[in-house]
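Asker: Read off the chains here:
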Amino acid sequence: MPNHDFLEMTDIRKSFGNVPVLKRVHFHLRRGEVHALMGGNGAGKSTLMKILTGVYQKDSGTVLIEGEPVDLHDTSAAERAGIAMIFQEFSLVPTLTVAQNIWLKREPRVAGTPFINNAEMVRRSRLLLQELGVDIDPETLVGNLSVGLMQIVEIAKALSKKARILVMDEPTSSLSEAETEALFELVAKLKASGITIVYISHRMAEILTICDRVTVMRDGETVMTEDCAGLTVEQIVEAMLGAGNAASFEWHDRGDRLDADPILQVRNLRLATRINDVSFDIRPGEIVGLAGLMGSGRTEIADTIFGRRAPLSGEVVFDGKPVRGQSDAIDRGIALVPEDRRKMGLVLDHSVRDNILLPNLSRFTRHFFVRDAEGLQTVNRTIRDLSIKTDGPEKLARLLSGGNQQKIVLGKWLARGPRLLILDEPTIGVDIGAKSEIVETVRRMADAGMAVLVISSELEELMAISDRILVLHGGRISQELNRRNVASEEELHHAIQGHRAQQTDAVHA
Amino acid sequence: MQSKATVPSRPMLSMPDIQWQNYVVYIFFIIVLAFFGFTIGDSGFLSVTNLFNIARTTAMITVIAVAMTFVISAGELDLSVGSTTALAALVCALVMQAGFPWPVAVLAAIASGLVVGVLNGFFVTVIGIPSFLVTLGMMQFIRGVDMRVTYTNPISISNQSFNGLFGSGYVFGVPSLLIWSVVIAVLGHVVLKYTGFGREILATGGNRQAAEYSGVKTRRVKFYAFLLSGAAAALAGMLYSGMMQTARFNFGEGAELMAIAAVILGGTSLFGGKGTILGTFAGSLLIGTINNGLIIMGLDVSEQMMISGAIIIVAVAFGKKPGAA
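If you're matching them up, the sequences are chains A and B in order.
Each residue of the first sequence is one higher than the one before, counting from 1 in the UniProt record's numbering.
Each residue of the second sequence is one higher than the one before, counting from 1 in the UniProt record's numbering.
Simulated from the structure, these hints should not be mistaken for laboratory data.
Source: prediction; values computed, not measured.
C-beta: ideal position from N, C-alpha, C; glycine also.
Just so you know, not all the hints are guaranteed correct.
Residues from chain A that keep clear of chain B, each with C-beta distances beyond 12 angstroms, as calculated [claimed, not checked]: (1) F87; (2) K161; (3) E181.
Among chain A residues calculated to face chain B with C-beta under 8 angstroms, some are [said to hold, decoys possible]: (4) I330; (5) L336; (6) M344; (7) L348.
Next comes chain B alone, as it looks inside the complex:
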């Protein structure tokens, strides 16, 4: 009786079943690579050194963007990550300068990122202020802290173990920065896709109320997302300072926007509920490749900014589902 009782369901709007919008970031990546390959391939764009160079310069953004994918998928935003990278870099450098061994400095740096994460999480999930505002204020506040601690003076880092591990070194000829970004991306991918926490993040961002009613502790989930984001920003700060062998208050300026762009380019919904780390990784590489290619083409910084900005908008426009507002 049961199966006979309902009529066959009719297909909804005859939306063509093409899912290419989900792959727009990869398509753009290939187009951009091909374009630069043809135009400036013989100016060294395609050399292994340069490709490694792209991977190295995008590592910080990739690491931040992976954690940002969790935050955005949970329906929130974290603008404080840029200033947090500088904070962690400075904390790390100061602790080493004070004579502590580098692992202590690393832990201190991570802790500083976690503190920012806790504060963001507290104001968003306990006090209930929208994350855009909380982290906007936090971005400003932390940048102020960054400037204050050393009165904007850079601190150099002479510990070669640290520098090698976190930014300047190579393992079997592969830059450690590339290894870091791949490791973080793989970890992020696995956690988002295959763990209960990942599912809860997506459910929280997809429909918070329904997630609540299904027993998901959505405030806790969001809180953890901010912790992740703070920790990742701290790691990015160390990668940056390891590469530059110095720590400086202005590290990571604009990194939050680059990371958000990478996440959205990768196909994660700005409104939460849908996110992919592989897309984010590709989005980050896409931005890095564009910037690198434009530099090799000999364009001025102003021209680079205009072109990369335009490409981001175009790519996101192509990734938009038809009919979606």
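Looking at chain A on its own, in the form it has when it is part of the complex:
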């Protein structure tokens, strides 16, 4: 009797039409481990997980749980096999209570009647949530919960169905620091109780913190399965990109630009939300990072510079003159790549072309008519310059991967030749390959004189790209660090948490 892993997916193959998406995938899970699944966009991670959760059917290969073949012909079969997916976009009904959501379609009944036993439903939910060690009232509406708590309700719902394998897809992408910590604790607790977790994330640091093993996919194949202990970020990146292709995601000292006059001056900004007194400058060609906790008001500062939000007091001066509203900001060369590309950055059901042209319409309009031929040149150049992977300019933005979608949002603004580019969380849900391309592009544009403000929760990213880093804490810029003097992510992390980092100098206060 051979020793079987808890779950064994062996030699899985899957094609869509003539295109093989999974070529030869082996994916094994041990009971009670946290197993990271990594790979660039298009590597086949989501297809593999959709096969595991019964959304897609494999073309060939075997799936065994505890050595026994399992039937995954649809999602309810996968559910019966104890496999549950915690979705990136949550599948909860915001207008129902926590308890109603957890037991939706499986509500306990008053014995012998068709009526729902509400008290029992609440009691069971409370028990479940207590086991998870979270303090959520089962009778609150899901819509009133934070994103982090909603995710926990999702997990509770999965556990209520006796799930043994949880697939978490980018679970921290919209969580605050504290919520992320809480989630990690929960993951540890689940693991201790024998639940097996497949953890999909683009965040390397996270993976190495909480995962036991990692499997890397590339081009529809599993190229590596290793213990996390002793593994470095570089090794993982190399596996994801292929040997020799590992794009450098390291910092370049671009020198100081102290002699130039600032193009952006933010003066004593006070906003209705959280921001009390924020001042800083950015010079042409500079890349300035803005670090701070989620919800610390970073996005609101970006919106204010972009003219979408009027400050209670203080002002935003661009190129010597105050910014008056969004049109003024855009006309004078400010561009914003907003936080949520699907909601604010793209018209998903429109083509790549239409999306890139949208902020550039006035340039291509003469006598009311849009000159599409001229526009198309710009679109094609943008696609080429940013190496956006698309079948063509007419492909719907919805059908592109996250990284390529983000390149469209970036490209549509770069096509205007902005003098100040604000990037709000530019690489959330973007794979490492596209990520370094985006960083590369931004650096190139900055070298040509564009000023850049980067807001990010990923310290790795801020450390890689910024010349200076502003730390937002308690509604003001608590520290201004020259990147050259920040030795490690740790140090930056401490600064953001509000501690005074050691050995830092406040650059021109």
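Here the structure of chain A is known, so what remains is to put chain B in place on it, guided by the hints.
Answerer: Using the frame of chain A, we list chain B on its own:
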């Protein structure tokens, strides 16, 4: 380094690349024409007179539906267009009755439609009430105004220049109503497809927030859409009164629903972001052809309504993309 860094993107769901859903209105149009051609072709259905007749009776709906395409593509709805047609017709007739020359009456009628458009636009974009509710109330309110101004009495229009231009006349043997609907459809097509305003309409309806962030003034765009809709309804009212040589408070009853049906049949998304005027034109003709054919077949009004209603549902069902909720 750049191009090597990413793996080739995999195709999304293997959705077959058939785009026939986009052409469903044309397919249905051909099927319906063929059906009536075979069954009642020799009862005069295929005669030039009757085909012109179809074009004439659909002109009002076409004109309204063209503007409605803009409103719906911008993610809104305008239910007040039916009552506005009667309002404009009455204003026009009253101004002429008062002795003003017909061009003044035409301008007054257009102005009345614009006033309704301004009100709708104001409540939707400034106050922020959903357009369904605003225009539902407006539909009722304006219909009340229509009834009140003449105490439901019809006003006849004797100015033959007006009647000829707007409804009853012919140019080189082609009914002026047909010319009006073609001109409006072509204008609408060009504006929606080839101007910045058209792109902004579609972007606003496709994702308002993203359009805002891209610098589109979405409230202004929606406001203009309601103006267009009001003006088009006014024109439709004049076409109607020119054809009937009279103005009556109940003109355009149900026209808003016919127009919406034409727009949706034509492939425009009810949720905005995707719209085509050619489809709308075909959708309007399809509805007109069905109604005309059923009349020639000798069906009762009740039967006509049941059949045309059923055809609309079936056609929209066929036009639905698989998997779309």
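Asker: Would the hint on I330 (chain A) stand, with a C-beta cut-off of 8 angstroms toward chain B?
Answerer: holds (5 angstroms)
Asker: So K161 (chain A) supposedly isn't at the interface. Is its beta-carbon more than 12 angstroms from every beta-carbon in chain B?
Answerer: Correct as stated: the minimum Cβ-Cβ distance to chain B is 24 angstroms, above 12 angstroms.
Asker: Please settle this one: E181 (chain A) was flagged as non-interface, so is its CB more than 12 angstroms from every CB on chain B?
Answerer: holds (30 angstroms)
Asker: Under 8 angstroms, Cβ to Cβ, is where M344 (chain A) needs to be relative to chain B, so tell me if that hint holds or is violated.
Answerer: holds (5 angstroms)
Asker: Would you assess whether F87 (chain A), listed as outside the interface, keeps its beta-carbon beyond 12 angstroms of every beta-carbon in chain B?
Answerer: holds (16 angstroms)
Asker: Restraint: L336 (chain A) near chain B, CB-CB cut 8 angstroms. Satisfied or not?
Answerer: holds (7 angstroms)
Asker: For the hint on L348 (chain A), just tell me whether its beta-carbon gets within less than 8 angstroms of chain B.
Answerer: holds (7 angstroms)
The structure shown violates none of the earlier numbered hints.
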